[in-house]
Amino acid sequence: MGLLFDSLLVELLAFGLAAWAIFYWYATKNYNYWQSKNVRTAKKLTPLFGTMAETFMLKTQLGVFYQKLYNELEGERFGGYYKLRDPAILVRDPELIKHVLVKDFSSFHDNDVHINEKVDPMLAYNIFSIHGPKWKFLRQRLAPAFTTGKIKSMFPLMQEVCEELKKHVQRAIDNKESREVKRMAANFTTDVVGSCAFGVKCNSLQDESNTFRQMGMEMLNPGPVRGLVLMIVLFWPKVGDFFGLKFISDRLANFFRKLVKDAIEFREKNNVTRSDFIQLLIQLKKKGELDADAGEKIENGVKQENGGTDHYEEAKIEFTHDVLTSQAVGFFGDGFETSSSALAFTLFEIANNQDVQEKLRDEINTVLEKHDGKFSYEAIQEMQYLDQVLLESLRMYPPAGAMNRLCTKRYQFPDSDLKIEVGTTMTVPIYAIHHDPKYWPNPEKFDPDRFTEDNKKSRLPYTFFPFGEGPRICIGMRFAQAQVKAALVTIVKNFDLETTGQTSYPVVLDPNVFLIHAKEGLHVSFKSRN
2 MGLLFDSLLV
12 ELLAFGLAAW
22 AIFYWYATKN
32 YNYWQSKNVR
42 TAKKLTPLFG
52 TMAETFMLKT
62 QLGVFYQKLY
72 NELEGERFGG
82 YYKLRDPAIL
92 VRDPELIKHV
102 LVKDFSSFHD
112 NDVHINEKVD
122 PMLAYNIFSI
132 HGPKWKFLRQ
142 RLAPAFTTGK
152 IKSMFPLMQE
162 VCEELKKHVQ
172 RAIDNKESRE
182 VKRMAANFTT
192 DVVGSCAFGV
202 KCNSLQDESN
212 TFRQMGMEML
222 NPGPVRGLVL
232 MIVLFWPKVG
242 DFFGLKFISD
252 RLANFFRKLV
262 KDAIEFREKN
272 NVTRSDFIQL
282 LIQLKKKGEL
292 DADAGEKIEN
302 GVKQENGGTD
312 HYEEAKIEFT
322 HDVLTSQAVG
332 FFGDGFETSS
342 SALAFTLFEI
352 ANNQDVQEKL
362 RDEINTVLEK
372 HDGKFSYEAI
382 QEMQYLDQVL
392 LESLRMYPPA
402 GAMNRLCTKR
412 YQFPDSDLKI
422 EVGTTMTVPI
432 YAIHHDPKYW
442 PNPEKFDPDR
452 FTEDNKKSRL
462 PYTFFPFGEG
472 PRICIGMRFA
482 QAQVKAALVT
492 IVKNFDLETT
502 GQTSYPVVLD
512 PNVFLIHAKE
522 GLHVSFKSRN
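Okay, so the sequence shown: first residue is 2 according to the working numbering, each after it adds one.
Read the hints as simulated data drawn from the structure, not as lab findings. Predicted model only: the values in this text are computed from it and were never measured. Virtual Cβ for every residue (Gly too), placed ideally from N, Cα, C. Hints are not guaranteed to be accurate.
[Unchecked claim] Below, computed lysine-lysine pairings styled on DSSO-like, alpha-carbon distance capped at 27 Å:
| # | residue 1 | residue 2 |
| --- | --- | --- |
| 1 | Lys446 | Lys177 |
| 2 | Lys183 | Lys446 |
| 3 | Lys84 | Lys60 |
| 4 | Lys446 | Lys84 |
| 5 | Lys446 | Lys45 |
[Said to hold, decoys possible] What follows is a set of in silico ranges between Cβ atoms, one per label pair, in the way DEER data are often shown:
| # | residue 1 | residue 2 | range |
| --- | --- | --- | --- |
| 6 | Lys270 | Pro415 | 52 to 60 Å |
| 7 | Ile174 | Val273 | 36 to 44 Å |
| 8 | Tyr27 | Gln385 | 33 to 41 Å |
| 9 | Leu18 | Lys410 | 23 to 31 Å |
Go ahead and model the full structure; you've got the sequences and the hints to work with.
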């Protein structure tokens, strides 16, 4: 009996060692790839997780991780790292970034997001995640929805929510309360997007327990379990597909399906029209395209800087209900999360820099006087310092710390022997470049004068891209800036802002969130000026 037990123990031990050896081989077999190509790479490697273990262990925020990698590769135009098991490239040089994002876009035309349309149809046809010819077709059809004329027509809807924002801040003052402004900003942008995209009055600034706000929180502020699911979907897509994991849960997908379906049916049945995104989706459903505003040039993102065009095969998309809903969900996600982040960080920096606050308030009052005290889209466009303040906030706190493109055609960088293979991830470290003292002296200082017209002209190109750059630049950029500026004018005109001491400065970023979030929140107190 003892000999049999000993024999079984030896066999189990041998099996365990063999299994471990196979796993270790699988987890590390690609880790000599960059060395074999004579490409400098990050030194620290962890089996299976590659260079990125500290982000998966939630020790380092993703944008900060890429900043550390960027600094480690100092002196290189680009370097290698391992995104889990897969070799990837970190692009450091602005001229090479120009090639990836613009000049040679046809070799890098897809975002590094892999969504199986059979598993997650709601995200598969989103303008951010869709690939190749289908992306081009969809971008051309959606571009007219985000012209200056369309944004201007939605501005009165934003103004209505700004009035609710003003009341919300006044209630905080009356109750002698400060505000965590990321939460407040998220309620504001939820109400704006609810109105401008879906024709829904959400009232999140009065009651954030409403269903619309809760769905937004579920989609973009997931708990630990949902967060793990999203990590698997984004970084191990084949594993996610095998287990049927989705970025957009069935509960969320069904909520938005019903919301869009009911809105479209009501308007078609009752012949109701409204200047919002749902109305544009109805037009897209009926005609297959959107009407362009008279005299306005459409930037549909299919031409390259050097005059060439993308050599795609023709592709068409049927505008089914799921495809239409996917666009509305994309509008909601982009307009709600990234805009609320930009608004919150800008409010915090305004509170922390009283000289900036006073100068901005003076400009707001001066411009509004020229417009007979009327707060309008045209008035906001004249506020140059407001633009500088927002852009400086986006430099310090870009909503996403990096952007990833896929190599879609074998490519060789100029003045390099490296052949980049199809499927390789190309990472542009936005946060790192925005904080590089070589391009931005004293980068931790909030200084809106970096964005005066003279300074913008002298800045090295491709060192500032909070919304991305090139044909895949954020399609909703104008909408995002309009709602953030509307909120800033409303608050700075009517209230004094001060920090409360609850948030460290410089701001500590939250490693639990992929996007740029403050770990301690962003706390601001207000005083009425009336």
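Original post:
Which of the listed hints are not met by the structure?
Top reply: 1, 4, 5, 8, 9
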